[in-house]
Amino acid sequence: MITEINSIFSEKDFTFIKNKFENSYFEDNKTWEDGVKEFSNPVKIHQIKDTNLIQLINNSIKKIDISPLNKNVIDGCIFHKWESGCYIPWHNDTKYSAGLTIYLNDDWSYRNGGLFLYKEDNNIKAIIPERNKGVLQIGGVPHSTTIISKNSKPRKTLQIFFKKFNMLKNSLI
Numbered sequence: 429m430i431t432e433i434n435s436i437f438s439e440k441d442f443t444f445i446k447n448k449f450e451n452s453y454f455e456d457n458k459t460w461e462d463g464v465k466e467f468s469n470p471v472k473i474h475q476i477k478d479t480n481l482i483q484l485i486n487n488s489i490k491k492i493d494i495s496p497l498n499k500n501v502i503d504g505c506i507f508h509k510w511e512s513g514c515y516i517p518w519h520n521d522t523k524y525s526a527g528l529t530i531y532l533n534d535d536w537s538y539r540n541g542g543l544f545l546y547k548e549d550n551n552i553k554a555i556i557p558e559r560n561k562g563v564l565q566i567g568g569v570p571h572s573t574t575i576i577s578k579n580s581k582p583r584k585t586l587q588i589f590f591k592k593f594n595m596l597k598n599s600l601i
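Residue numbers (my numbering): 429 to 601.
Don't read these hints as lab results, they were simulated from the structure.
Below, simulated DSS-like cross-link-like pairs (lysine-lysine); rule was C-alpha separation at most 25 Å, straight line:
1. K472 with K561
2. K458 with K446
3. K440 with K477
4. K578 with K553
5. K578 with K458
6. K553 with K465
From a predicted model like this one, the values you see are computed outputs, not experimental measurements.
Throw the hints in and build the complete structure from the sequences for me.
Okay, structure coming up:
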């Protein structure tokens, strides 16, 4: 299931998070599996460890009805900086119950690349990044991104993953 969510953060929180992004130290995605890196230029990543920032993000997400995730636990928050030549090939994130991508660029054109692609009913659909928009994928939906165009400004995202939740046992698995 794919859901688009507009205005994830308040304007104040969005500005604060975006400033945190701009002042973060980024490293190449060396820990990603080869199948997820494929032939992409390295995506720059910053694992968020600031507990106050994670709490702010978590509080904002809790204000949005993203059932069935309201009982799930955040497993990671990561800033991604996608520069020219970066993309992510088709994958499904089955390690997690869900993933939420939030776009941090103030403006973006489809000509820059970086579109979120996903498969639904044997069709491929696309979402163009928009400021403060979230793309929630639940249940291992096959998805990818298109390559960032040459000379494009970086595509900036906040990626949140949710741990699997076993509804029958009422515990994390």
